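All chains should be modelled from the sequences, with the hints used to inform the complete structure.
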Amino acid sequence: MVYKKYIVKNGRTYGPYIYQSKRINGKVVSEYRGIDEPKKTGKILPIILISVFFIAITGLLIFSNQKISGNVILKIEGDVINGILKNGKISMTLNGGELIPSDSQITFENNGSVYTYNLSDLLVEEEISSGNFYLQNSQISGLGTGYGLEGAKKIFPKISFELQSSENFQQNEENETGGGGTEPPSKENEEKTGSVSNSSKQNETAVEVQNKTETQENNSVSNPEKPIENETLPQESNPTSEINSPAKEEQTPLQSPETLPQESNPTSEINSPAKEEQTPTLTEKEDKTKTDSKNPQAETQSQEPEQTPPQSPETSGNEGAQITGGAIASLFGPISNFLTGLITGNNSKEDTPDTISGIVSKENDFTERSYGKSWEVVSSSIESNGELLPDNSITVENSNESVTVKTNYSLIETGYGEEYLAENTKSLSVDITKLNHTLNEGPLVVKLIYKNNEFVLFEGKISNETIENEIENLTQIFNEINASQLLNFSMNLTQFEKQILLFNINQSYVETTVSKYKDKYLVEFNLGHYSAEYSYPQILTDEELKRYIERDKYLWLKDIVIQFGEKVPPKEKVENMNANLEF
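If you read the sequence shown in the working numbering, its first letter stands for residue 6, the second for the next number, and so on.
Simulated from the structure, these hints should not be mistaken for lab results. Remember, predicted model here, so these are calculated numbers, not experimental data. Check each hint, because a few of them may be wrong.
To be verified - Label pairs and their in silico Cβ distance ranges:
#	residue 1	residue 2	range
1	Tyr559	Phe161	32 to 38 angstroms
2	Phe58	Val401	57 to 63 angstroms
3	Tyr122	Glu368	45 to 51 angstroms
4	Ala157	Asn405	41 to 47 angstroms
5	Glu406	Ile544	47 to 53 angstroms
6	Asp524	Asn403	51 to 57 angstroms
Beta carbons: idealized from backbone N, C-alpha and C, even for Gly.
Below is the structure:
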């Protein structure tokens, strides 16, 4: 049981507080429920659901008996004489993108009578188009020929492109302009050049030593009176010569000053230029005799030091250390490059491409790794459906980690269907005189039938009142043009085109009638037996409407001129202007 409880404190009443009593194990226990009484929604919810279901069923039954009616504007013009519609026409206004099948049928239900015609028989003069059938708020579909007006839509095609890094881009520019100089020598070339220069210097030093030796020998030949014993005196006091000639120390034991020059090796003499400068040389005859007798290969051994200069033990030790360091660098270099690639994200130079190719559109951007480079468009590489596009058709955005390609490229595609629906309109007119039956005053229903699908175009009555109410003539829609004004066609037509119209039609003006029907302006042009009808939305301003009317009228007249293009107006002879002129 639920009950309320109030509390009075200091003369003020608080509550109500809701409690619920329960019997638990034979005892009555009160439980506090709050200050609001619980709402009983259990019975209301089913009632709401039943009501909604009933309303939905009722609406379905009501609308199932209705015929489908679209947005096609059907206008009936003419005069009702003695209850019969005469000298009139029925016009259907279609929007851009709508296409009615040419093999469809049109029926007129008038006062209980039904008249059926093939639409193609009533629209003989209308141009036939091909495409997807479409009519707003109808079930008509398919592909084929029909009557209508092409609509338009904006599409965003895919674009293929190619990018190259800025470095390659600059190199290509230098190669194209021929401004590239010689490449700077690499480190390896520098080392090779240095080694060649060092070896050349050493060869030059050896040649100089040999030249000095020959000069001294020549001097010794010129002074043969000097004793030979003096040769050994500087040798004992020159420790440098002994150090620089270790081969001599190993091959020659301690000897007297007289025998020392005989046992010496010519190779050591050449390798010790200081000794040669300080010690006088033997005479030419004695030198040849000693060389032939004691060292038959002296000449061969003396030529070898000229090509390879002497090296100290310290120098040879340093070269061995350099070779060992290069071997270590060649061994651990690839490992170091691999670790560096893992850190920077570039495993090797081969993993970094020289160019990037891709596809981009307005709806889908292209993003790729930047590989630490800045990228630019390869000239003449942007294409769409085999068509070459300008280089500025895409934009390239470079960042540290990625490169993004975007585009705003679009095309206007025409066709038929819901996606091509547009505001421009076209009127299809049916001449009532072509009907084998008369339409009398009374109810009228016009239907379009295509493959058992009915589409109601018009439902109303034929009478003077209904026709006047459906079509409201405007007395004036802007200052320059009113409903029955006659306009001279002195627009942008050439004088030759005007002559063609005057010759074939014999009328120098276009009769323009402007009417208002529902939410549109209906404009009709008449020139002789030629006529055309256009419709425009009422949201246009007076200036815009005037501009559209002038444009369509000009294009309509141009079409008429084309029909008479093969006819040339006759030449007219001008009186009192003929004369014989002297040269």
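Here's how the hints hold up against the structure:
1. Restraint check, Tyr559 to Phe161: a C-beta distance of roughly 34 angstroms satisfies the suggested window 32 to 38 angstroms.
2. Between Phe58 and Val401 the Cβ separation comes to about 60 angstroms, which falls inside the hinted range of 57 to 63 angstroms.
3. Checking the proposed 45 to 51 angstroms range against Tyr122 and Glu368 shows it holds: the Cβ atoms sit about 46 angstroms from each other.
4. One distance hint, 41 to 47 angstroms for the beta-carbon pair Ala157 and Asn405, holds here, with the actual separation near 43 angstroms.
5. A C-beta distance of roughly 50 angstroms is found between Glu406 and Ile544, which places it inside the suggested range of 47 to 53 angstroms.
6. Distance hint for Asp524 and Asn403: a CB-CB separation of about 52 angstroms, consistent with the stated range 51 to 57 angstroms.
This entry satisfies every hint, going by the numbered hints stated previously.
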